[in-house]
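Q: Residues per chain are reported as follows:
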Amino acid sequence: MNSHPRPFRKILAAALLSAALVPTGFLPHTAPAQAAEQPQRGGTLNIVVQPEPPLLILGLNQQGPTQTVAGKIYEGLLTYDFDLSPKPGLARSWEVSEDGKTYTFHLEEGVTWHDGEPFTADDVVFSASEFLMDTHPRARANFSRAESITALDDHTVEFRLKEPFPAFLLAFEVSSAPMMPAHIYQGTDYRNNPMNGTPIGTGPFKFAEWVKGSHIHLTRNDAYWQEGKPYLDEIYFKVIPDAASRAVALESGSIQQTQYNAIEPFDVQRLAALPHVELELKGYEFVAPMAWIEMNHRVEPLNDKRFRQAILYALDREFIRDRIWFGLGRVPTGPVNSVTKFYEPDVTPYALDRDKAVALLDEMGLEPDADGVRATVRFLPMPYGETWTRLAEYIKQSLGKVGIEVVLESTDAAGWVQRVSNWDYEMTTNFLYQYGDPALGVARTYISDNIRKGVMFSNTMGYDNPEVDRLFAEAAQETDPEKRQALYSAVQKILVEDVPVAWLMEMEFPTLKDTRLKGSTTTAIGVNESYADAWLDMK
Amino acid sequence: MAGYASFLGRRLVKAVFILLAIVILNFLLVHAAPGDPAMVMAGEAGAADEEFVAQLREQFGLDRPLHEQLVSYVGNVAQGDLGFSYRQQRPVWDLMMERLPATLVLTLSAFVLALVGGVLMGTLAAMNVGRWGDTAITVIALLSYATPIYWVGLMLALLFSVNLGWLPAFGYETIGANLTGFARVWDIVQHMILPVVTLGLFYMAVYTRLTRASILEVRDMDFVKTARAKGLREGPIVARHILRNAILPVITFAGIQAGHLIGGSILIETVFAWPGLGRLAFDAVLQRDYQVLLGIFFITSVLVIVFNIITDILYSLVDPRVEVS
Numbered sequence: 060m061n062s063h064p065r066p067f068r069k070i071l072a073a074a075l076l077s078a079a080l081v082p083t084g085f086l087p088h089t090a091p092a093q094a095a096e097q098p099q100r101g102g103t104l105n106i107v108v109q110p111e112p113p114l115l116i117l118g119l120n121q122q123g124p125t126q127t128v129a130g131k132i133y134e135g136l137l138t139y140d141f142d143l144s145p146k147p148g149l150a151r152s153w154e155v156s157e158d159g160k161t162y163t164f165h166l167e168e169g170v171t172w173h174d175g176e177p178f179t180a181d182d183v184v185f186s187a188s189e190f191l192m193d194t195h196p197r198a199r200a201n202f203s204r205a206e207s208i209t210a211l212d213d214h215t216v217e218f219r220l221k222e223p224f225p226a227f228l229l230a231f232e233v234s235s236a237p238m239m240p241a242h243i244y245q246g247t248d249y250r251n252n253p254m255n256g257t258p259i260g261t262g263p264f265k266f267a268e269w270v271k272g273s274h275i276h277l278t279r280n281d282a283y284w285q286e287g288k289p290y291l292d293e294i295y296f297k298v299i300p301d302a303a304s305r306a307v308a309l310e311s312g313s314i315q316q317t318q319y320n321a322i323e324p325f326d327v328q329r330l331a332a333l334p335h336v337e338l339e340l341k342g343y344e345f346v347a348p349m350a351w352i353e354m355n356h357r358v359e360p361l362n363d364k365r366f367r368q369a370i371l372y373a374l375d376r377e378f379i380r381d382r383i384w385f386g387l388g389r390v391p392t393g394p395v396n397s398v399t400k401f402y403e404p405d406v407t408p409y410a411l412d413r414d415k416a417v418a419l420l421d422e423m424g425l426e427p428d429a430d431g432v433r434a435t436v437r438f439l440p441m442p443y444g445e446t447w448t449r450l451a452e453y454i455k456q457s458l459g460k461v462g463i464e465v466v467l468e469s470t471d472a473a474g475w476v477q478r479v480s481n482w483d484y485e486m487t488t489n490f491l492y493q494y495g496d497p498a499l500g501v502a503r504t505y506i507s508d509n510i511r512k513g514v515m516f517s518n519t520m521g522y523d524n525p526e527v528d529r530l531f532a533e534a535a536q537e538t539d540p541e542k543r544q545a546l547y548s549a550v551q552k553i554l555v556e557d558v559p560v561a562w563l564m565e566m567e568f569p570t571l572k573d574t575r576l577k578g579s580t581t582t583a584i585g586v587n588e589s590y591a592d593a594w595l596d597m598k
Numbered sequence: 074m075a076g077y078a079s080f081l082g083r084r085l086v087k088a089v090f091i092l093l094a095i096v097i098l099n100f101l102l103v104h105a106a107p108g109d110p111a112m113v114m115a116g117e118a119g120a121a122d123e124e125f126v127a128q129l130r131e132q133f134g135l136d137r138p139l140h141e142q143l144v145s146y147v148g149n150v151a152q153g154d155l156g157f158s159y160r161q162q163r164p165v166w167d168l169m170m171e172r173l174p175a176t177l178v179l180t181l182s183a184f185v186l187a188l189v190g191g192v193l194m195g196t197l198a199a200m201n202v203g204r205w206g207d208t209a210i211t212v213i214a215l216l217s218y219a220t221p222i223y224w225v226g227l228m229l230a231l232l233f234s235v236n237l238g239w240l241p242a243f244g245y246e247t248i249g250a251n252l253t254g255f256a257r258v259w260d261i262v263q264h265m266i267l268p269v270v271t272l273g274l275f276y277m278a279v280y281t282r283l284t285r286a287s288i289l290e291v292r293d294m295d296f297v298k299t300a301r302a303k304g305l306r307e308g309p310i311v312a313r314h315i316l317r318n319a320i321l322p323v324i325t326f327a328g329i330q331a332g333h334l335i336g337g338s339i340l341i342e343t344v345f346a347w348p349g350l351g352r353l354a355f356d357a358v359l360q361r362d363y364q365v366l367l368g369i370f371f372i373t374s375v376l377v378i379v380f381n382i383i384t385d386i387l388y389s390l391v392d393p394r395v396e397v398s
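Just so you know, the protein sequences line up as chains F and B, in that order.
Every letter in the first sequence is one number past the one before it in the numbering used here, and letter 351, counting from 1, is 410.
Every letter in the second sequence is one number past the one before it in the numbering used here, and letter 70, counting from 1, is 143.
Keep in mind the hints are simulated off the structure, nothing from the lab.
Honestly, I wouldn't trust all of these hints.
[Stated by the list, open to error] Distance windows between CB atoms, simulated:
1. F:525 x B:128: 29 to 39 Å
2. B:359 x F:151: 35 to 45 Å
3. B:149 x F:99: 49 to 59 Å
4. F:375 x B:101: 43 to 53 Å
5. F:250 x B:138: 40 to 50 Å
By construction, the Cβ of each residue, glycine as well, lies at the ideal position given by its N, Cα and C atoms.
Just need the whole structure built from these sequences, with the hints factored in.
A: What follows is the structure, encoded as structure tokens:
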């Protein structure tokens with residue numbers, strides 16, 4: 060065991076102090092130490108993973124933990140820089156035709172699957188036109204825009220689109236479009252394939268063993284196509300279900316990395332202050348989650364935009380960021396996360412202003428009764444951990460101050476999905492990923508085409524605005540970036556005026572890692588990256 | 074012996090009917106919860122379309138009417154087939170058998186620790202009643218009884234793993250060490266200490282209090298006085314006369330604890346990342362993994378029935394006046 064013993068009393072004192080004093084809005088944004096150090100070969104990396112993934116076939120399952128583990132086993136054609144510009148993956152280069160309808164990818168040569176079979180253009184065609192079309196909702200949405208997907212030769216693939224769709228180039232990272240081996244899956248029942256227990260990819264790490272409930276073990280792929288990589292010998296993903304125990308594991312050095320929400324926000328500052336731990340906030344630009352209060356527009360008075368505006372004015376979102384997320388994240392201005400493309404900052408601001416909120420409620424004719432209550436709404440907080448519960452309590456208090464009484468309801472995750480997707484709610488909290496481009500991760504929430512009962516992460520509030528529909532549709536097909544920006548700016552202004560949902564947070568996830576781990580966060584997909592470049596400083 | 078055989082026979086026949094009722098009741102209860110595995114997976118994937126959810130429902134067999142699902146489930150269980158977890162892509166039976174040993178090792182050790190430690194401490198306390206030893210044991214027992222076990226677990230981990238670095242805080246064995254033979258056993262024992270102590274403390278406290286109270290009740294009875302009058306030494310009196318009569322309530326409670334073993338281990342398995350059945354059950358609830366959940370209910374029901382039978386037999390062995398019938 061690799062331990063960092065410290066006196067018990069000191070820890071208790073530190074824990075008490077941090078609980079009492081530290082929560083200010085300030086968090087150091089530690090830049091990754093990209094010193095010109097020489098990567099070292101060898102070593103074992105331990106990463107916490109929670110919850111345990113249901114299976115590791117990335118084409119069949121795209122949950123967060125699956126992506127983090129299987130991202131080392133499978134690869135996509137592209138990956139993305141922190142500014143979301145495409146970088147080579149299995150595709151070494153690519154061209155987009157003048158009319159924006161033909162995408163040609165030139166694949167790396169000499170790539171093999173983990174079982175030794177060569178990786179060719181046929182695997183790409185099979186993955187994009189057969190496997191993922193059947194199993195992967197997000198890939199299905201993207202690749203159904205293609206009229207044809209053909210292999211021009213063994214190492215060239217051409218996607219011909221029905222209409223221009225410039226966001227298409229963002230559809231090729233490993234979780235959006237993992238390349239699946241045709242020689243194993245073609246002509247089989249993908250979901251019941253006997254090989255589903257032993258994933259075969261092209262990535263730098265091979266699947267070795269999975270002890271359910273305990274750990275997943277990956278080993279170095281000696282035949283990896285990038286010369287001399289990966290540097291690590293093996294990676295263990297340890298399943299640690301309890302949040303406090305995960306913090307202890309990082310503290311004691313038995314794991315060297317946590318990601319996403321593995322550590323509760325209130326623990327982040329304390330852990331980041333440890334001498335052997337550093338905090339990294341980069342690497343979530345691709346997912347760029349946006350958190351909001353979702354409101355059911357079919358219910359009075361939530362169907363009135365003045366009421367929704369009043370809710371935004373009644374909330375102190377700086378407070379939410381600083382005291383509930385302990386400084387992790389940014390206060391949003393509108394529907395597009397500021398790290399996602401085509402973000403428009405110049406919109407009506409909604410700073411905390413209870414007088415304005417009250418004025419709007421007055422204007423609607425919602426008079427306070429004897430108890431000062433103007434309206435009552437039911438609120439179903441997202442059951443994803445303590446932070447969301449605290450947020451719900453804060454919202455109840457804040458809205459109470461302007462006369463909106465909030466009745467909290469509770470449910471577990473399965474019940475929440477069922478109720479929200481079937482429109483059986485009044486208000487709830489939710490957060491969605493934006494996938495780099497408004498056409499991929501933003502439009503889906505607001506366009507009326509996507510009002511589909513029983514489907515989660517669609518337009519579940521029932522927002523319907525023909526002008527918004529038109530602008531999103533036009534922008535998705537516009538190939539001139541300037542014109543696209545103009546369309547997206549226009550739609551953002553309308554949405555901010557309408558407040559279809561009350562945006563709360565541009566969420567930031569903390570990657571807490573051992574200072575000896577280098578070269579892990581290299582792209583906008585952060586911890587889901589292949590870790591071909593990750594290494595441990597053993598000095 | 075014939076008495077035991079007919080007792081066992083009758084109990085087993087009863088058990089079959091009880092199990093059938095349990096299976097049907099569990100099935101209906103589990104399906105009555107809102108949300109289903111397809112919904113959960115759609116929620117976790119962060120993106121979904123109708124086709125995705127419909128495909129999952131079809132794969133899980135959830136598109137069939139409930140009574141049809143029930144009939145086919147009961148039929149399968151009767152043939153020893155507990156079903157298939159599509160979520161985990163494994164037969165339920167395999168999943169459980171992978172996890173059962175870890176849970177049994179953990180809970181049985183905690184059970185033995187609690188029972189032996191509790192009876193010993195309770196006896197000691199009763200023999201020293203009113204003196205400082207009694208007070209000390211009573212206070213410790215009260216504290217162990219009143220403290221939430223997840224807190225005890227975390228504090229022990231903080232002290233012995235983070236600060237002192239003496240004991241591992243997580244898992245079943247050192248991952249990646251590839252130990253064999255005695256080294257591996259020793260490694261597992263080290264990993265067991267914290268969870269076993271944490272899990273055992275609560276029941277140890279219960280047994281301590283029970284034993285102490287029960288002994289105090291028995292020790293002044295006439296037959297004990299008779300034994301003393303015969304000139305027997307104190308040791309044999311305690312062991313043969315007092316404890317044997319005082320132990321019945323402890324056995325009753327041990328029977329109940331045995332039934333609680335797996336439920337009680339959920340918390341401990343979560344805190345100490347112990348790859349056992351309790352956590353499998355907990356995850357299965359959250360994920361609405363019906364087949365796994367029903368399988369675990371089934372196995373635990375069988376265990377409870379078995380423990381009940383054992384408890385009844387133990388009664389009659391310890392106290393021949395109690396007849397099995």
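Q: Please go over all the hints and tell whether each is borne out by the structure.
A: Now the hints, each set against the structure:
1. F:525 x B:128: 29 to 39 Å: Given range 29 to 39 Å: holds, Cβ gap about 32 Å.
2. B:359 x F:151: 35 to 45 Å: 43 Å, holds
3. B:149 x F:99: 49 to 59 Å: Because 54 Å falls inside the window, the suggested range holds.
4. F:375 x B:101: 43 to 53 Å: For residue 101 of chain B against residue 375 of chain F, whose Cβ atoms are near 47 Å apart, the range 43 to 53 Å holds.
5. F:250 x B:138: 40 to 50 Å: 23 Å, violated
The structure fails to meet hint 5 from the earlier list, while all remaining hints are met.
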